[in-house]
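Required output: the full structure, derived from the provided sequences and hints.
Mapped onto mature numbering (1 follows the signal peptide of the UniProt record, and there is no 0), the consecutive letters of the sequence shown carry residue numbers -18 to -1, 1 to 272.
Bear in mind the hints are in silico, worked out from the structure with no lab data behind them.
Please note: incorrect hints may appear among the correct ones.
Only pairs whose alpha carbons sit at most 20 Å apart, straight line, appear in this in silico SDA-like list of lysine to any residue [stated by the list, open to error]:
#1 236 to 131
#2 77 to 89
#3 77 to 10
#4 78 to 3
#5 217 to 250
#6 121 to 88
#7 236 to 184
#8 77 to 108
#9 236 to 186
#10 192 to 146
#11 135 to 176
#12 216 to 126
#13 216 to 246
#14 121 to 87
#15 121 to 168
#16 217 to 194
#17 78 to 108
#18 217 to 186
#19 216 to 187
#20 135 to 214
#21 192 to 137
#22 192 to 235
#23 216 to 237
#24 78 to 208
#25 216 to 189
#26 216 to 249
#27 164 to 3
#28 217 to 166
#29 77 to 58
#30 78 to 109
#31 192 to 210
#32 121 to 77
#33 121 to 16
#34 236 to 208
#35 78 to 68
#36 77 to 126
#37 217 to 227
#38 78 to 126
Since we're looking at a predicted model, the values are computed, not measured.
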Amino acid sequence: MRYLTPLFFFLLALTAQAQFQVGLTLPRTNYMVLEAIPASVTITNRSGADVVLGGPGRAVWMSFEMTDSSGRPLAPIEVSGVELVQIPAGGTIQKKITVTDAYSPTEIGNYGLTARVAHTPSGQFYASARVRFNITDNKPMWEQAFGVPEGYKGAGEARRYAVILFTDMDNTSLYFRLIDDKTKLRLQTYRLGPISMAHDPQITLDRENKLHALFLAQPHIYAHCIVAPDGSLKKRSYYREQNGDRPQMALNGKGEAEIHGGEYFDPTKPPVAPKSPGGRKVSEKPPGLE
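Laid out in structure tokens, this is it:
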């Protein structure tokens, strides 16, 4: 019997380890201070039975642990468990969570992130491998103070727009940041898009204190981003250079930002098929010819 007892606990441990297999990935390693960090969590059900997670009135079943460079745990990050999720036996689901909605590190440094999933029937928690990421920052290439207009939260207060270049490995991106101009508190940071510095970006404010940025996103393609005084991205559109006619931005007499040159480009539309050279096909008879 004394030999069976250790074997029993060993099998029990294997059973506990086999309920869920949890994976965690981040799209990249380096992020700007206050930038949203989207995490992708995969959960494979190894319990041998269908499992239902979450639902109204149920306990939180997914959480994250973030640690600093010394391994010290930071604020716990819990994900709402209201949504009902069912995983069939042997099945896998994927959840995309913006972990910085609950806690966003503001100190530059190296951090670790682990996803934890609760197996409700057994009460056990299963964790992913720890993923490392870096929080960094850079000085603005352009900034402008402004007053928040009526109709926006914080109307009358002083804010500051900042536009930042950030190079991650081999890619360079243009970032937007909103700052409280009095307290210097960073309110928002997000990526406007990839940028090539073959041509300098054009940045200006219109008469409504909206920020406009026109920049080369890829060869011959320019992105035009409009940001409202509350920091929200109102519009992102694209223009294509045509035969050396490069898109340019300027304010008109009414203080409105306009794009001149090039042509409007919708990247979501399929390319137009080129017309076949030559005359009509045999089946395409000229009008009046029978």
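For the pair supplied as a hint, residue 77 and residue 126, is the alpha-carbon distance within the 20 Å limit? Violated, because 38 Å separates the two Cα atoms, which is more than 20 Å.
Check whether the Cα positions of residue 217 and residue 250 lie no farther apart than 20 Å. Since the Cα atoms of residue 217 and residue 250 sit roughly 15 Å apart, the hinted pair holds (cutoff 20 Å).
Given hint residue 186 paired with residue 236 - CA-CA distance at most 20 Å: holds (14 Å)
Given hint residue 166 paired with residue 217 - CA-CA distance at most 20 Å: Violated, because 26 Å separates the two Cα atoms, which is more than 20 Å.
Holds or violated: residue 216 and residue 249, Cα atoms, limit 20 Å. Holds, because 18 Å separates the two Cα atoms, which is no more than 20 Å.
Given the hint that residue 236 pairs with residue 131, test it: the Cα-Cα distance must not exceed 20 Å. holds (17 Å)
Holds or violated: residue 216 and residue 126, Cα atoms, limit 20 Å. Distance of about 19 Å is within 20 Å: holds.
Between residue 192 and residue 235, does the CA-CA distance stay at or below 20 Å? holds (16 Å)
Pairwise hint evaluation, residue 108 against residue 78, where the allowed Cα distance is 20 Å at most: holds (18 Å)
Within 20 Å, alpha carbon to alpha carbon, are residue 77 and residue 89? Roughly 27 Å separates the two Cα atoms, so the pair is violated.
Taking only the CA atoms, is the gap from residue 135 to residue 214 under or equal to 20 Å? holds (12 Å)
Given pair status - residue 16, residue 121, alpha carbons within 20 Å: OK: residue 121 and residue 16 at ~14 Å, within 20 Å.
In summary, the numbered hints that this structure violates are 2, 11, 24, 27, 28, 32, 36, 37 and 38.
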